[in-house]
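Participant: Residue numbers (this note's numbering), protein chains in the order written: chain A, -15 to 238; chain B, -15 to 238.
Watch out, some of these pointers could steer you wrong.
All copies of an identical chain are treated as equivalent in the list; a pair is satisfied when it fits inside any one copy or across any two copies.
Here are the computed lysine-lysine pairs in the BS3-like style, where the Cα-Cα straight-line distance is at most 30 angstroms [to be verified]:
{"id": "1", "residue 1": "18", "residue 2": "107"}
{"id": "2", "residue 1": "32", "residue 2": "150"}
{"id": "3", "residue 1": "18", "residue 2": "103"}
{"id": "4", "residue 1": "91", "residue 2": "107"}
{"id": "5", "residue 1": "196", "residue 2": "107"}
{"id": "6", "residue 1": "18", "residue 2": "150"}
{"id": "7", "residue 1": "107", "residue 2": "90"}
{"id": "8", "residue 1": "164", "residue 2": "90"}
{"id": "9", "residue 1": "150", "residue 2": "196"}
{"id": "10", "residue 1": "164", "residue 2": "150"}
Since the hints were made in silico from the structure, they are not lab data.
From a predicted model like this one, the values you see are computed outputs, not experimental measurements.
2 protein chains.
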Amino acid sequence: MKNNNDLLRLRERQPLYIQAIDALTQMIETGQLKPGAQLPPENELAAKLDISRSTLREALRHLETLGLISRRQGVGTFVSIPTGPGFFGGLERLEPFRYLARVANKKHSLVQKKVEMVKASRKLAAVMGAMPGIELVRVQTIEAIDGIPCVYFDDYFINTRGLAEKLTSYDDSVLVYMFKSSETPLTHTRSEIYAIEAPEDVASQLDIPVGKPVFHMEETYFSSMGEIIGVGLSYFVTDRFRFYVTRRAVRPTI
Amino acid sequence: MKNNNDLLRLRERQPLYIQAIDALTQMIETGQLKPGAQLPPENELAAKLDISRSTLREALRHLETLGLISRRQGVGTFVSIPTGPGFFGGLERLEPFRYLARVANKKHSLVQKKVEMVKASRKLAAVMGAMPGIELVRVQTIEAIDGIPCVYFDDYFINTRGLAEKLTSYDDSVLVYMFKSSETPLTHTRSEIYAIEAPEDVASQLDIPVGKPVFHMEETYFSSMGEIIGVGLSYFVTDRFRFYVTRRAVRPTI
């Protein structure tokens, strides 16, 4: 089974160069192509992706402008090495933090993971379209890079049989568990994003002063069937980790 | 010319229900379908979009989970009315702030627009792949909702003949001018997003206390050919306006 061709096939209705961009981006973001690594020669890479060299070149030009690769005249094309403080993740991709860290070659650790049953507050219940007081599984996770806490996740999931126990004993990321769930696998979110002053509980979890700006997301988790399966609140210290996003021009019609 | 079909044709290689989601989202976000408005009957809407009713239903189910529409049993389907303080914009869409405001039925005003020529700092030049000291067109814009400043844009564009004069006399959004530019129209960005403490100049522009958290974006503006045409720094007061985004699960391959 050729992994790259699988990636292409999934989106076969998109133009080839877009598929190539997606495949290469994923190879970079998952670490198959590591920061600083030289890309294979164009003819080899084109053959691997089963596209023409001119299509590959078009994809590479876009990846260069996105800062993911850089070309050195007469030397070759290389995966960019992220610079600056902290590291990055693509916002549109709902990916476990520890995987982003691994790809960026950062030392990741779990500071805390706490799983408990709680009753839904009125607000949480409203977001979930559930009754106030319904039992939810709450998972609080604090993750660190080089021993310094970067993010605090406060997730609430609709309770299914044994979920709390399963999440407690699950070693990998909670997101990965929810992706793989046999009942209603998590496929996408709707996320609102804010800059807020760290409230007291968040500040103490992240070991930052109360009131320091944090990047906050309020996410509603959905299954492919459009069911709401949970709500996630997350707090990132942005000088330790931040997101990037590609925004596309919309020519206004009004 | 049927506008909706035009939208569909642009992305004709995507699955139909995705095209339908995009077309309906755009109709909602551009105000063709206003908050609170009832959607046309399914057969009518399906005909308008030139898709089957089952494809339309699939699209509607997704839009419902994204919170853009809501169905009332036995009554019909309605465009959701945004709730909460402030209002929202989709982050992946690079759209003029004043259009987002118009769609949300908010009173928008331009507090300030200042166009000048500046020399590129070392940092700006590096981002743009240009020489330090090269002349750039700087545009500072402050925009308000109901008279309260919400966002400060600090944009730098590669200088082309007469650009500063053209931007000074252009009445609509600077973004719209750049979208329409005959030379290298702006098509997409790479944007890094942060929560930061408002520095002194930003705080005074936005009329907020120094140090208040603001949502900050550092954007590199690209043309469809992958050329860098500018850099945008923007600062949003998130209790007055905030972004949302859809994040899609990525099953890790490492």
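Participant: I want to check one pair: residue 196 and residue 107. Are their C-alpha atoms no more than 30 angstroms apart within a copy, between two copies, both, or neither?
Facilitator: both (25 angstroms within a copy, 26 angstroms between copies)
Participant: Is the C-alpha distance from residue 18 to residue 103 at most 30 angstroms within one copy, between copies, in both cases, or in neither?
Facilitator: Close neither inside one copy (44 angstroms) nor across copies (36 angstroms); limit 30 angstroms.
Participant: Give the relationship of residue 150 and residue 196 under a CA distance limit of 30 angstroms: within one copy only, between copies only, both, or neither.
Facilitator: neither (35 angstroms within a copy, 41 angstroms between copies)
Participant: If the cut is 30 angstroms between Cα atoms, do residue 18 and residue 150 qualify within a copy, between copies, both or neither?
Facilitator: neither (33 angstroms within a copy, 44 angstroms between copies)
Participant: Please sort residue 164 with residue 150 into within, between, both or neither, judging by C-alpha distance up to 30 angstroms.
Facilitator: within (12 angstroms within a copy, 54 angstroms between copies)
Participant: Since the copies are identical, ignore which copy is meant and state whether residue 91 and residue 107 lie within 30 angstroms (CA to CA) inside a copy, between copies, both or neither.
Facilitator: between (36 angstroms within a copy, 29 angstroms between copies)
Participant: Up to 30 angstroms between alpha-carbons, please classify residue 107 paired with residue 90: within, between, both or neither.
Facilitator: between (36 angstroms within a copy, 26 angstroms between copies)
Participant: Using 30 angstroms as the alpha carbon limit, work out where residue 18 and residue 107 are close: within a copy, between copies, both or neither.
Facilitator: between (43 angstroms within a copy, 26 angstroms between copies)
Participant: Is it within a copy, between copies, both, or neither that the alpha carbon of residue 164 lies no farther than 30 angstroms from that of residue 90?
Facilitator: The answer is within: 25 angstroms in one copy meets 30 angstroms, while 42 angstroms across copies does not.
Participant: Give the relationship of residue 32 and residue 150 under a CA distance limit of 30 angstroms: within one copy only, between copies only, both, or neither.
Facilitator: Intra 39 angstroms, inter 47 angstroms, cutoff 30 angstroms: neither.
Hint check: violations occur at hints 2, 3, 6, 9; the rest are consistent with the structure.
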